[in-house]
Structure formats: C-alpha cells, structure tokens
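**Student:** Single-letter residue listing:
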Amino acid sequence: MSVLNGVSYGLLLFMLSAGLTLIFSMMGVLNFAHASFYMLGAYFAFQVSEWTNYWVAFLVAPMLVALMGGLFERFILRKTHKFGHVAELLVTFGLSFVILELVQLIWGRTAVDYKVPAALDGSLFKLFNSSFPEYRAFMMLVAVGMLVGLFLMLKKTRIGLVIQAALTHPETTEALGHNVPRVFAMVFAGGCALAGLAGVIGGNAFITEPGMAQAVGAIIFVVVVVGGMGSLGGALIASVLIGLMQTFAVGLDWSFIGGLKSLGVEVTPETFGYPVWKLKLSQVGPILPYLLLVVMLVVRPKGIMGTRDD
Amino acid sequence: MSTYALELSNVTKSFGKTAIIRGVNLAVSKGERVAVIGPNGAGKSTLFNLISGRFEPTSGSIKLHGTEIIGQRPYEISRRGLARSFQITNIFSRLSVFENLRCAALYASGQKYSFWKPLSKLTELNDRTEALMASIELKRRRDVPASLLTYSEQRALEVGITIAGGGDVILLDEPTAGMSHSETDRFVHLIRTVTVGKTLLTVEHDMGVVFGLADRIAVLVYGEVIAFDTPDKVRADPKVQEAYLGAVLESEGAH
Amino acid sequence: MTSPNSSTPSALRPLHFKPLNGVRIVVWTTYALILLALPLVAQSSFALTLLCMTGIAAVACLSYNMLLGQAGMLSFGHAVYTGLGTFVAIQTMNKILGGWPLPMWLVPLVGGFAGLGFGALLGYVTTRKAGTPFSMITLGVGELVFASALMFPEFFGGEAGINSNRTGGTGWLHDLGLTFGPQIQVYYLIAIYLFICTAAMYAFTMTPLGRIANAVRDNAERAEFVGYDTRWVRYLIVMVSSFFAGVAGGLTALNVEAATADLLHGVRSGGYLLFTFLGGVGFFFGPIIGAVLLVFSLVVLSEITKAWQLYVGVIFLIMVVYAPGGFSALLMLNLRRIKYGEWRKMRWPYAGMMFFGLIALWGIAAIVEMAYQIQVAAGSGSEVTIAGIALDSSSHTSWAVAIAVMVAGGAAFEYWRRKFAKVWSDGEERIAEAAKKAEAAIV
Chain A
1 MSVLNGVSYG
11 LLLFMLSAGL
21 TLIFSMMGVL
31 NFAHASFYML
41 GAYFAFQVSE
51 WTNYWVAFLV
61 APMLVALMGG
71 LFERFILRKT
81 HKFGHVAELL
91 VTFGLSFVIL
101 ELVQLIWGRT
111 AVDYKVPAAL
121 DGSLFKLFNS
131 SFPEYRAFMM
141 LVAVGMLVGL
151 FLMLKKTRIG
161 LVIQAALTHP
171 ETTEALGHNV
181 PRVFAMVFAG
191 GCALAGLAGV
201 IGGNAFITEP
211 GMAQAVGAII
221 FVVVVVGGMG
231 SLGGALIASV
241 LIGLMQTFAV
251 GLDWSFIGGL
261 KSLGVEVTPE
271 TFGYPVWKLK
281 LSQVGPILPY
291 LLLVVMLVVR
301 PKGIMGTRDD
Chain B
1 MSTYALELSN
11 VTKSFGKTAI
21 IRGVNLAVSK
31 GERVAVIGPN
41 GAGKSTLFNL
51 ISGRFEPTSG
61 SIKLHGTEII
71 GQRPYEISRR
81 GLARSFQITN
91 IFSRLSVFEN
101 LRCAALYASG
111 QKYSFWKPLS
121 KLTELNDRTE
131 ALMASIELKR
141 RRDVPASLLT
151 YSEQRALEVG
161 ITIAGGGDVI
171 LLDEPTAGMS
181 HSETDRFVHL
191 IRTVTVGKTL
201 LTVEHDMGVV
211 FGLADRIAVL
221 VYGEVIAFDT
231 PDKVRADPKV
241 QEAYLGAVLE
251 SEGAH
Chain C
1 MTSPNSSTPS
11 ALRPLHFKPL
21 NGVRIVVWTT
31 YALILLALPL
41 VAQSSFALTL
51 LCMTGIAAVA
61 CLSYNMLLGQ
71 AGMLSFGHAV
81 YTGLGTFVAI
91 QTMNKILGGW
101 PLPMWLVPLV
111 GGFAGLGFGA
121 LLGYVTTRKA
131 GTPFSMITLG
141 VGELVFASAL
151 MFPEFFGGEA
161 GINSNRTGGT
171 GWLHDLGLTF
181 GPQIQVYYLI
191 AIYLFICTAA
201 MYAFTMTPLG
211 RIANAVRDNA
221 ERAEFVGYDT
231 RWVRYLIVMV
241 SSFFAGVAGG
251 LTALNVEAAT
261 ADLLHGVRSG
271 GYLLFTFLGG
281 VGFFFGPIIG
291 AVLLVFSLVV
301 LSEITKAWQL
311 YVGVIFLIMV
321 VYAPGGFSAL
331 LMLNLRRIKY
341 GEWRKMRWPY
351 AGMMFFGLIA
361 LWGIAAIVEM
371 AYQIQVAAGS
381 GSEVTIAGIA
391 LDSSSHTSWA
401 VAIAVMVAGG
411 AAFEYWRRKF
421 AKVWSDGEER
431 IAEAAKKAEA
441 AIV
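Chains as they are written, first to last, in the working numbering: chain A, 1 to 310; chain B, 1 to 255; chain C, 1 to 443.
Just so you know, the hints here were simulated from the structure itself, not pulled from any lab data. Nothing here was measured: the structure is a model prediction, and the numbers come from that model. The beta carbon of each residue, even a glycine, is placed where N, CA and C say it ideally should be. Hints are supplied without guarantee of correctness; some may be wrong.
To be verified - Derived CB-CB ranges, DEER-like:
no., chain 1, residue 1, chain 2, residue 2, range
1, C, 124, B, 189, 47 to 53 Å
2, A, 141, B, 17, 37 to 43 Å
3, A, 51, C, 303, 36 to 42 Å
4, C, 340, A, 51, 32 to 38 Å
All chains, full assembly: derive it from the sequences and hints.
**Tutor:** So this is what it looks like as structure tokens:
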C-alpha cells in the first residue's frame with residue numbers, strides 16, 4: 001500500500017520535474033517559478049471547478065497555466081536572455097515571489113477546499129485493511145499517460161524532432177529555418193502546462209494552500225540534480241525513489257537506537273551524539289531527499305543518469 | 001633532444017560511435033614551430049582539446065616533456081607549461097585588458113590562491129603584465145573591459161592570455177580567424193615575436209601564414225596525420241596534394 | 001617609486017604611481033565619520049534600532065555579494081551561515097553567562113568562525129557543482145539545515161529557540177561600563193564590526209584570490225586553462241563569505257539576544273538575494289544600499305501597506321529586466337553623466353517620468369490596496385487612504401477612478417519614458433566618443 005502511495009507521489013514529482021528538466025535542457029533556464037505554476041494549476045482548477053465542474057477544470061486549468069507561462073516567456077523572460085543565466089534565474093525567482101503574493105491576494109492565506117470529484121472519491125481496492133483511493137489510481141494514470149504522450153511527441157512527431165534539435169543546437173536549428181524563439185516559448189508553456197496539470201491532480205489529493213509551492217519546489221530541484229541534470233530518465237528514477245522514501249519514512253518509527261540495540265549496543269541519554277541516535281525515521285522523513293542529495297553529490301556528482309561531468 | 005616537447009602516440013577519440021581522431025602520431029621537438037593544417041572536420045580543434053585536457057582520448061598516449069598527461073585536468077596541464085588559445089575568443093569579458101593578462105599570469109607567478117597580499121604590491125607581476133600588454137599592442141586599451149574590444153583586439157588579447165602564464169608549449173587554435181589580410185600579417189609578426197624560444201603548434205587555414213611561420217607542417221585528414229615534414233616536402237607530397245592542398249597550392253603559389 | 005633595476009634607463013622603467021590613494025583615504029574617512037555620527041541623527045530609540053539592524057544587514061549582504069557579485073555564484077541558502085552563526089553565538093553567550101572568560105564583544109567573531117566552519121563543511125558539498133546546479137544545491141542544503149534545526153532541540157531550542165543576555169559576562173571593559181545594556185553601545189559595536197568587515201571584504205577584492213574569483217565568474221573554463229582549479233576557488237570563496245556571514249549572525253545574537261529556527265529559513269535567504277541584487281551586485285557598495293532597502297522594507301514599508309511584499313517583488317522583477325545592475329549602477333550611471341556634463345539635458349525627461357510615474361503609481365497602489373483591503377482586512381471596513389485621498393474599496397466609483405488614473409498616468413509615463421530613452425542613448429553616444437578621445441591621448 002505504501003508502495004503504491006509512494007509511487008503515485010513519485011509520479012507526481014516526476015510530472016513536475018519533467019517540465020523543469022525540459023525547460024532547463026532546452027533553454028538553460030532554471031525555472032524557479034515552476035512550483036508556482038504547479039500552485040496556479042491547483043488554484044485555477046479549484047476556481048474553475050467551483051464555477052463548473054472538475055472535468056472542465058481538468059482541461060481548462062493546465063491551458064490557463066500554459067497561457068500564463070507563454071506570456072511570461074514572451075514578454076519578460078525573453079528580455080533577460082541577453083544578461084545571462086543568472087539573470088534568467090533571478091527573474092523566475094522574482095516571478096515565484098509575485099505569484100505567491102497574488103495567489104494570497106486573490107484566494108487568501110489559508111487553504112482552500114479543492115475537493116476530489118465525487119466520481120473518483122472512493123476506494124479502488126482494499127489490501128490488508130488499508131484502502132487504495134481511486135483518486136490515487138487516477139493520478140497515476142494521468143501521470144503515466146502524460147509520460148507516454150511526452151515520449152511519443154518527442155520521438156515520433158516532427159515538432160518533437162525540432163525540439164530535440166533545438167535542445168542542443170539552437171542556432172543551427174534556427175539557421176535551418178525553424179522559428180526557434182517560438183519553439184522556446186512553446187516548450188516553456190508546455191513545461192508550465194505539465195506543472196499546471198500536476199497541480200490540478202495534486203491539489204485536491206494533497207492540499208491547496210499558498211505554502212504548497214515552497215513545499216514541493218526544493219524537492220523537485222533535488223530530483224533534477226540527483227537524477228542528473230538534463231536527464232528525463234534520471235528524473236523519473238529519482239522522483240519515484242524520493243516518493244517511496246518519504247511515504248515509507250512517515251509511517252515508520254524506527255530510530256538508530258532500535259537498530260543499534262539489535263546489534264547489541266545500548267544507547268542512553270548520556271551517550272555522545274544521543275540527539276542524533278534518538279531521531280526517529282518519521283521525524284527525519286522530511287529531510288531524507290536532501291540527505292540523498294548530499295550523498296549523491298559526494299559520491300556521484302553527475303547524478304543517476306547525468307551525461308556531463310562539470 | 002632526449003625528450004620531445006610534445007609526443008602523441010596512437011591517439012584516438014570517438015564521440016559515441018563517431019570516430020573523430022583515428023590514430024594520431026606526432027612528435028614535436030622543443031622550440032619547434034608546427035602548423036597543423038587540414039580540411040574542415042578533420043579534427044584539428046578536437047586534437048587541441050585532447051592535448052590541453054578539455055577532452056580525454058579514447059585511447060593512446062600524450063606526453064608533455066616526457067610525462068603522460070592523459071586524464072589530467074586542464075589546470076594541471078596548464079601548470080606543467082602547456083597553454084592554448086581558442087578559436088572562438090574565450091576571454092574574461094568583464095575584466096579589463098590588464099586584469100585579463102594579470103589573471104592569466106597569476107598562478108604561474110606563484111600567487112596561487114593567496115589573499116593576504118594586495119595585487120597592487122606585486123610589482124614584478126604587474127611589470128611583466130605591463131610589458132606583455134605592450135608587446136601585444138594593447139597598452140592603449142589597458143583599462144577597457146575585454147567585451148568592449150574590437151574583434152582583432154580580442155584575438156590579440158586571446159594570444160596574450162595564452163602566453164601570459166609563461167608556458168613553453170603553446171597551442172594556438174586558428175589565431176588569425178576572421179582577420180583581414182593586413183591584420184593577419186601584423187598578427188603573424190606579433191605571434192612570431194612573443195613566442196620566441198617556445199614550442200608552438202598552430203592550427204591554421206591561411207597558407208601564407210603556414211608557410212611563413214612553420215618549421216614543419218602536420219597535415220590532418222579524417223583524424224589521421226598523413227604527413228609531417230618541412231613545408232617544401234609537404235607541398236611536394238602526393239598524398240597531401242591529393243587529399244588537401246592541390247587546388248589551394250596552385251592558387252597561392254609559393255609564399 | 002621606480003623598480004630597483006639599474007640596468008634599465010630611467011625613462012623606460014615602469015612607474016608605480018598611485019594617484020588614487022588620496023581619494024581612498026577620503027572615502028574611508030567619510031565612511032567612518034558617517035558611521036560615528038549616525039546616532040546623532042537618530043532621534044528615537046526606534047531609529048537607533050533601525051540603524052543597528054541596517055548595520056548587521058550590511059555585513060550580511062556584503063558577504064552575500066562575495067558569492068554573487070564577485071564570484072558569480074547565486075546561492076539560495078545564505079541564511080544558513082548567518083543563522084548558524086547566530087546559534088553558535090547565542091550558545092556562546094550563554095556559556096559566558098555561565099562563567100566562560102570571553103568578552104561579549106568577541107562573540108561576533110565566534111559567530112564568524114562558526115560560519116567559516118560550516119562553510120567548510122557544507123561548502124564541500126555545495127561546490128561540487130557550479131552554475132545553476134550549484135544554486136539548486138544551495139536550496140536543498142538550506143532546506144536540510146532548516147529542517148534539521150527542528151530535529152535537534154538540544155542545540156536549536158525547538159520552536160521557542162534559545163534566549164540569552166548580552167549584559168552579562170566579565171572583563172575590565174565590562175566593569176568600566178561597557179555592558180551592552182544600552183542600545184547605543186550595541187550600535188557602536190556593530191558600527192566597528194561593520195567598518196572592519198567592510199574594509200576586510202574590500203581589501204579581499206584586491207587580492208589574487210579575489211581577482212581570480214572574478215575571472216571564474218566571467219569565464220570559468222578559461223580560468224581552468226590558465227592554471228586554476230575553479231572548484232577550489234569557489235570552495236574558498238564560500239568559506240570566506242560564510243565567515244563574514246557568521247559575523248553578521250553573531251551580531252544578530254547580541255542585538256536580539258535570541259535565536260530561533262526561522263533565522264535559517266529559505267525565505268530569509270531569498271531576502272538576502274533579493275535586496276543585495278536591488279542594491280546592485282556590480283559595485284562594492286551596492287549591498288550596503290541593499291541592506292538599507294531591506295530594513296526599510298521589512299520594518300517601515302510593512303507598516304505602511306499590507307501589500308509591501310507584492311511591491312518589493314514587482315520592483316525586483318522590473319529591476320532584473322530593465323536595470324540588472326541595481327540601484328548602485330543607476331547611481332553610478334547618473335554620476336558618470338554629471339562628470340561628462342550630460343546631466344542637464346536629462347532634467348526634463350526625468351521630471352516628466354517622475355511626475356507621471358507617481359500618478360500612475362498612485363493608481364496602481366490604489367488598486368492593490370483596495371484589493372488587499374477586501375481580501376485581508378475586510379474586518380476593518382472598506383476604506384483605504386492613498387497619499388491622503390480616501391477611497392472605498394466597496395464602491396465602483398473608487399475602482400473606476402483608480403483604474404482611470406493608472407491608465408492615464410501610465411500612458412503619459414510611457415510617453416516621457418520614450419523621450420527619456422532617446423535623450424539617454426544620445427548622451428551615451430557622446431560619452432562613448434569622449435571616452436575614446438581621452439583614450440587616444442594615452443601614449
């Protein structure tokens with residue numbers, strides 16, 4: 001059960017980090033506001049489903065987010081291109097800040113009640129007394145569908161070919177007559193749409209509140225670095241790994257003390273380093289991804305499937 | 001000479017399945033001036049990248065003054081006395097001309113990572129930098145940020161940065177690229193003056209420069225050195241004529 | 001002052017002449033005098049508190065700019081070093097109260113060494129990669145440290161944090177009355193540390209390591225090819241920057257006499273980034289301006305309007321796109337104008353832009369404030385006052401007026417902005433020509 005929960009959370013993380021990776025690989029821009037677009041997706045979906053219903057929101061919200069992303073790229077991000085990557089990162093950082101304020105302005109500082117639609121609000125099956133929610137299965141379905149769709153589009157369509165070319169050789173691709181700036185705008189908007197879609201399905205599964213962007217933002221950075229910069233496959237592995245880690249850790253009350261006891265070592269409050277030993281896995285859960293990041297960087301800086309070693 | 005300044009043995013380099021360098025053998029003696037020529041795509045820049053440590057060869061050996069340097073990072077190779085310039089100007093854009101040259105000379109001057117002495121007190125380093133700046137004729141542009149220089153000024157700075165560290169094996173990657181005829185002549189004279197006594201390897205397309213500057217010419221075609229000899233012998237070599245020089249030689253005549 | 005080489009004819013010996021020494025002495029003396037005299041300008045204890053906060057923020061922002069402006073390293077986790085400096089300092093203060101024979105005024109230095117230590121430890125991990133990955137890693141490490149703080153209440157005091165008292169301790173200075181009880185004493189301690197740290201950080205920029213950091217910023221690859229292990233350079237810079245960050249943290253411990261986990265939070269790191277950038281990363285004194293803006297926004301602006309974070313965020317965005325050099329660059333550009341005699345032509349364009357800009361700003365502020373009134377402070381009625389003019393956020397008229405003013409003001413502003421841009425670029429051309437002429441005069 002935890003495995004399925006972990007995998008579904010991991011797939012959600014992958015939806016987010018896939019968009020981030022695409023934007024970074026293509027344009028060299030680290031979209032600091034990526035998690036903010038996730039948040040916008042959730043809030044737009046909430047609002048639209050208040051006015052109409054969930055299914056309309058499912059279609060409309062990601063498109064709205066894509067529109068916002070495209071407008072931002074066209075009118076603001078593009079202007080910072082000449083100042084270099086630091087400026088681009090700064091402008092997305094500023095955007096994340098402004099989006100947070102605007103979201104709080106429009107919807108308030110507390111969580112909104114973005115609900116799972118009644119049709120999906122049941123239990124799919126029961127396993128050893130715990131039920132696996134239908135909605136989680138739906139989430140996984142959407143995530144996998146998006147993955148497959150992305151793969152097909154990149155590998156099998158003409159536009160995907162152009163995107164792949166522009167990924168490594170934008171000038172050449174432009175010289176061949178393709179409108180590379182438009183491709184960039186599309187990729188950026190597309191990445192944001194993915195984030196928005198993740199928000200649509202994640203916002204009601206978890207929680208829709210102003211803090212959701214910050215909560216997930218740092219983790220997707222970890223996913224991208226651990227998976228290897230620019231590698232979608234690595235991002236997938238890292239996402240699922242982290243999803244599983246966090247889901248399992250929350251439920252487990254192990255601590256070093258227990259582990260050491262089984263080895264025959266007694267730990268008392270007087271033992272040196274007691275504050276570390278007494279930590280329970282459930283307490284440590286939130287920082288496991290970051291510990292993984294540190295270990296990765298020390299042991300294998302280029303990540304799970306990273307291509308470059310700089 | 002017991003050891004060559006630079007010795008390449010059976011060096012190969014493949015990027016994935018594409019073999020760029022297919023087995024290069026080259027032995028450059030100390031103080032020699034070698035020009036590396038070849039058609040586009042022959043792998044000349046790749047060869048420089050392999051020697052200077054930017055890439056690692058797939059196989060083979062590269063020895064600098066007799067010591068194997070494969071696997072070493074660029075900064076380690078630079079500290080051993082090998083310096084290279086870049087075909088696409090690779091300077092410190094926001095620093096002034098003077099600072100560019102001084103930074104390039106800084107490690108070799110022994111300062112390394114020190115932070116307890118101000119730069120202004122390093123008189124010997126500063127004097128040498130001033131002299132270098134004068135020799136590449138950029139004294140007038142001393143405090144101009146490098147990004148604001150003209151193209152040929154930047155190329156001059158590029159060479160200046162390369163030799164500032166005092167390396168004795170210099171690799172110049174198409175130093176006169178994009179220059180007009182008169183600029184090229186002046187530049188070649190500059191290169192000749194500042195690299196006196198050093199071992200020089202240049203990649204060049206301009207045959208006039210090649211025949212005027214080089215003691216020996218290495219001809220690189222499809223990742224292999226098909227000839228490595230004095231200019232006259234190379235010109236007469238039928239393999240070279242067939243692969244590369246043919247039409248070009250006829251038009252250039254003897255420079 | 002010529003080099004002692006008797007074989008070179010004297011005319012050809014290089015000159016070592018430093019005409020700028022005089023200017024330098026004036027600048028630093030003025031700086032010291034300003035720091036000394038500021039409390040005389042501050043009439044209330046509130047103002048004195050602001051000065052203290054600004055001084056500390058200046059050390060923090062200057063230390064941040066060692067990473068960003070000097071070495072081109074964008075860190076999202078600087079609060080880790082200031083925060084850990086504060087925690088180590090506060091624990092030290094408690095130890096002093098418990099009997100350690102260390103004078104209180106050395107506590108910031110302890111904070112500095114704590115910063116250095118953590119910089120060495122964490123910097124090893126964060127500098128494994130450069131550029132954008134580095135930024136991502138600093139965010140992750142920042143989250144790691146912040147989350148860890150809540151896991152070790154023994155050191156970090158849990159939710160409540162750790163408290164202390166700066167008036168304790170022993171030593172002959174203490175007996176003479178230097179107890180740091182009065183805020184003015186704290187101010188002067190901060191001022192002294194600020195002056196010394198500023199001087200040290202400035203001197204650092206003129207050293208080999210400082211200059212190589214610039215080279216690594218501009219072109220890390222080339223720096224490798226001229227003999228430098230750029231990873232080592234970046235690691236060293238992180239350590240030096242963390243030292244000064246720790247000093248700022250230590251000063252905070254003395255000033256506030258408390259340390260809580262939110263000192264390590266990512267939002268605080270973001271604040272250092274944002275305001276250092278606003279101040280300007282290209283000039284050494286930029287971060288000091290940034291520190292002033294930081295304290296102003298955090299303390300003063302937040303009292304005036306609930307929308308202050310939105311305003312700061314939008315101003316930041318505008319600056320990144322249109323003035324990435326920050327306020328210090330804007331200042332220097334205008335000073336350069338004055339030097340070349342081009343400023344007088346700018347008077348009318350500036351005036352036009354300012355006048356209509358303020359009008360448009362009124363309209364924007366009206367809309368934002370009314371929106372905030374509806375959302376955030378609905379309980380206190382619907383009235384909002386912008387610059388003395390009262391509006392009612394529930395009335396359509398108010399909204400219509402605000403929008404109209406914004407649009408009209410905006411249009412007029414845009415007209416003057418275009419004029420300004422034209423006059424500015426004409427002036428830039430003339431300045432460039434004048435500079436060229438001056439250059440040609442160099443033999």
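**Student:** Work down the list of hints and note, for each, if the structure agrees.
**Tutor:** Evaluation of the provided hints:
no. : hint                       : in the structure
1   : C:124 to B:189: 47 to 53 Å : holds, 49 Å
2   : A:141 to B:17: 37 to 43 Å  : holds, 38 Å
3   : A:51 to C:303: 36 to 42 Å  : holds, 37 Å
4   : C:340 to A:51: 32 to 38 Å  : violated, 59 Å
When held up to the earlier numbered hints, the structure conflicts with hint 4 and nothing else.
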